[in-house]
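Protein sequences, first through last, are from chains A and B. At position 111 of the first sequence (counting the first as 1) the number is 116 in the working numbering, and the numbers step up by one without a gap. At position 116 of the second sequence (counting the first as 1) the number is 126 in the working numbering, and the numbers step up by one without a gap.
In case anyone wonders, no lab produced these hints; they're calculated from the structure. Do not rely on the hints blindly, as some may be mistaken.
Claimed, not checked - To give an idea of the interface, some chain A residues facing chain B are shown, with a C-beta separation under 7 Å as derived from the structure:
| # | residue |
| --- | --- |
| 1 | Ala26 |
| 2 | Gln46 |
| 3 | Tyr65 |
| 4 | Ala101 |
| 5 | Pro103 |
What the hints assert, rightly or not - Heads up, simulated EDC-like pairs for lysine to aspartate or glutamate below, C-alpha to C-alpha not over 16 Å straight-line:
| # | chain 1 | residue 1 | chain 2 | residue 2 |
| --- | --- | --- | --- | --- |
| 6 | A | Lys71 | A | Glu47 |
| 7 | A | Lys162 | B | Glu19 |
| 8 | A | Lys162 | A | Glu108 |
| 9 | A | Lys162 | B | Asp16 |
Heads up, the beta-carbon is just placed ideally off N, CA and C, and yes, glycines get one too.
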Amino acid sequence: MAGAPDDWADWAAWLDQHGAALVLLARQWLPSHADAEDVVQEAFIRFWRSRERAADPAAYLYACVKHCALDWQRGRKRQARREQAVARTEVESWFAGPLEEEERRETIAAALRELPQDQREVLVMKIWGGLSFPQIALALRISANTASSRYRYALAKLREQLAEESIP
Amino acid sequence: MKEPPDPLEAELFAMRPREVSPELRRRIAGRLGVGQAFQPDGQAGKPDLQRRRWWIALAGGLAAACLAAILLWWWGSRRVEPEPIVDRPDPAPPAQMEDAPPTLLAYQRALARSPEELDALLDKQAVAPQESNPELGQVGPLTRSDAKLHALLGDE
């Protein structure tokens, strides 16, 4: 099964394999890395305690993160914290890597932020989560064909935006 | 025929999102109650242990309740067990007191039937003591015959 670590009982292996992608997915709805980690923590605990009931654990894990992120977004108690975090959104990078590639990474990250949310979440799950289209379909409760279409549209739009960026 | 990899797709695959912080790993480990190394406060395994104790307590309680229910049922079934049926002879009727004097009711009934019957009952009663207990004649003060009384008094 794609996206599932070999050692089923090792929660750390799940976190190692999916943690970064989960935080990136949560960032689609949350303004800061710290908030995204809070959400991933809650989602991961929920996933781990009920993973045996899931038809596809990896898809379920991503669905948990999206659900918790939307819950967080709806939480009115965090309103003030969210407003403060919005101010530092721009300075927190989504990606890690060599310093000399930082500009390119930020360009791509900016293009990603411009994508429609439904396309961006498919892209994150597919590229950095390593999920298959049927798994993405399960996580988002859409058809596999829809997931595939959104992925293609996302790539096309990214390509278009990056081409515009490269034009001086 | 397999399509050549898209350069943009390949570039995206090569990018790595920011790793999760060690703090997140510690917090998850703490919540899951695993990994002593992830828990600086030495609370490793506490939630699991508590959960395990709770389950043991629940299982023990259920077992005790079942045992109590079985005992109650057993004692209840013993208590309502029907007693063996024993044929007891009917108590013997009280012996007729042949020599007992007639009661007031007997006199009233006899009078209600006829005065003659009452007379007959009175006569029977007057005779009955002497017949029933002949010794009374020897111990009573007036049981001696007239002839013996006259002889004692010296009368001719």
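- Does Ala101 (chain A) pass the interface hint, meaning its C-beta sits closer than 7 Å to a C-beta of chain B? Holds - the Cβ of Ala101 (chain A) comes within 7 Å of chain B, reaching about 5 Å at its closest.
- Proposed interface contact between Gln46 (chain A) and chain B, which counts if any beta carbon pair is under 7 Å: 5 Å, holds
- Hinted contact Pro103 (chain A) with chain B - closest CB pair below 7 Å: Where the cut-off is 7 Å and the nearest Cβ of chain B is about 11 Å from Pro103 (chain A), the hint is violated.
- Message: Using the nearest Cβ pair, does Tyr65 (chain A) come within less than 7 Å of chain B?
- Response: 17 Å, violated
- Message: The hint names Ala26 (chain A) as touching chain B; please verify it with the least Cβ-Cβ distance against 7 Å.
- Response: Ala26 (chain A) check passes; min Cβ-Cβ to chain B is 6 Å, inside 7 Å.
- Query: Given the hint that Lys71 (chain A) pairs with Glu47 (chain A), does the C-alpha gap stay at or below 16 Å?
  - Reply: 11 Å, holds
- Query: Are Lys162 (chain A) and Glu19 (chain B) close enough, with their CA atoms no more than 16 Å apart?
  - Reply: 12 Å, holds
- Query: Are the Cα atoms of Lys162 (chain A) and Glu108 (chain A) separated by 16 Å or less?
  - Reply: Given that 16 Å is the threshold and the Cα spacing comes to 20 Å, the pair is violated.
- Task: Given the hint that Lys162 (chain A) pairs with Asp16 (chain B), test it: the Cα-Cα distance must not exceed 16 Å.
- Result: Given that 16 Å is the threshold and the Cα spacing comes to 14 Å, the pair holds.
Of the hints listed earlier, those the structure fails to meet are numbers 3, 5 and 8, in rising order.
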